[in-house]
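Student: In case you want the letters, here they are:
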Amino acid sequence: MGLRIVHYINQFFAGIGGEEKADLPPELRSGPLGPGRLIQSLLEGRGEVVATLICGDTYFAEHQEEACRHSAELLLTVKPDLLLAGPAFASGRYGLACGEVARLALHELKIPAVAAMHPENPGAQAAVAGAHIVPCGSSAASMKEAVPRLLALGIKLATGADVSPDVDGYLPRGIRKNVTAELPASARALDMLLAKIAGRSFASEVPLPQFDRVPPAPPVPDLRWATVALLTEGGLVPRGNPDRIESSRASRYARYPIGELRAFVPGEFESVHGGYATDHANADPNRLVPLDVARRLEKAGRIGRLHEVYYTTVGNGTSVQKAQSFAREIAAELRAGGVQAAILTAT
Amino acid sequence: MAKELEREGIPTVLLCNIVPIALTVGANRVVPTRGIQYPTGDPSLSREQEEAWRERLLMTALAALETPVNDPTVFPVISGPAGEQWGVKGDSI
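Residue numbers (numbering that gives the first Met the number 0), protein chains in the order written: chain F, 0 to 346; chain D, 0 to 92.
One or more of the hints may lead you astray.
[Claimed, not checked] In silico DMTMM-like pairs for lysine to aspartate or glutamate, Cα to Cα no more than 25 Å straight-line:
hint, chain 1, residue 1, chain 2, residue 2
1, F, Lys298, D, Asp41
2, F, Lys298, D, Glu3
3, F, Lys321, D, Glu7
4, F, Lys298, D, Glu7
5, F, Lys321, D, Glu65
6, F, Lys78, F, Glu64
No lab work stands behind these hints, which were simulated from the structure alone.
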């Protein structure tokens with residue numbers, strides 16, 4: 000009888016329509032559709048694409064929570080052995096949906112799942128959240144290479160075979176597994192050092208984190224006519240920490256009004272950061288958020304206007320993902336408030 | 000956070016002490032400061048001197064926000080007497 004597979008695709012690959020149909024909520028159709036037919040033909044008796052889960056790209060992006068919940072319900076009606084999603088190639092909304100559905104199937108429904116997309120697709124971030132993502136080309140021209148790899152990893156996962164990013168080519172998920180090495184660390188380190196000295200190739204056992212590059216924002220030509228915001232990750236809050244920002248691994252940020260203030264007064268503001276000695280900052284909070292001088296520069300006309308609130312959080316063991324989500328929300332608020340540039344202090 | 004703000008199109012200057020980390024992570028506009036615990040201060044100075052230092056720091060930060068960059072860039076603090084060129088001196092709060 001073989002594996003029972005559900006295949007996730009968008010409205011376009013399901014043949015329902017293009018952008019005009021992108022508002023389609025999740026629905027389930029029996030049997031394979033579009034690229035699912037290629038999966039079916041590659042299965043050769045090892046299983047069957049029993050159903051296709053379809054959702055419009057815009058619907059998924061705009062109603063992510065609802066789309067996930069509804070998709071989960073539909074998946075539970077079939078209870079497949081494996082979920083395959085995409086390939087989404089370089090399509091951002093589709094990639095996001097594929098990554099999320101794959102993550103949801105694995106983590107919430109315990110169904111093995113794989114998505115395929117271009118490694119730079121924003122949806123590939125789901126790999127960090129635990130989804131198995133097979134990289135592929137940026138356009139549907141790479142369909143014929145992408146689908147067999149998607150299926151091959153899917154079959155391995157569904158049959159409980161051991162997999163690894165090195166062997167199976169999926170994007171690293173940031174998960175460490177304990178293994179027994181043949182040689183002690185000292186010997187491996189010396190081998191690596193000798194290889195390095197001799198100019199031979201070697202692979203580090205501790206890969207360095209890869210940080211993406213953000214294209215710099217264009218400058219503000221003249222801040223004399225601009226609104227500038229002050230921000231800090233140094234944990235400066237009004238005395239008593241009214242929003243209870245955590246002293247480490249912060250789960251939140253806050254904004255506090257400074258429109259009426261010429262400077263921070265010691266005792267009225269304090270730092271709740273748990274990662275450095277806060278005595279100096281508490282003795283003069285302007286050492287942490289330079290309100291006094293910024294206000295003076297505003298009065299002197301060097302800065303058009305200081306934004307009416309400052310933003311604060313604690314950057315102490317705070318996850319990159321959290322910090323990114325804080326900043327995205329803050330950026331939206333700053334733009335809505337007409338802020339053109341930001342000064343961020345870090346401890 | 001500096002990167003995400005820049006990604007959203009808001010030029011952001013990061014005032015911090017550990018410049019290598021800021022550059023490794025990829026902050027685009029960095030102004031080095033004098034201590035982890037006081038990014039815009041220097042407790043070893045008198046109050047007046049410290050405010051002058053903070054002013055130079057902020058003037059550098061503002062210049063960084065007004066400067067186009069292609070890659071993560073460090074803006075060393077502008078030297079010289081604080082505020083003179085901007086006519087800020089003497090305008091106390």
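Student: Decide, hint by hint, whether the structure agrees.
Tutor: Quick rundown of the hints versus the structure:
no. : hint               : result
1   : F:Lys298 x D:Asp41 : 24 Å, holds
2   : F:Lys298 x D:Glu3  : 30 Å, violated
3   : F:Lys321 x D:Glu7  : 16 Å, holds
4   : F:Lys298 x D:Glu7  : 28 Å, violated
5   : F:Lys321 x D:Glu65 : 29 Å, violated
6   : F:Lys78 x F:Glu64  : 20 Å, holds
Taken one by one, the earlier hints fail for this structure at numbers 2, 4 and 5, listed in ascending order.
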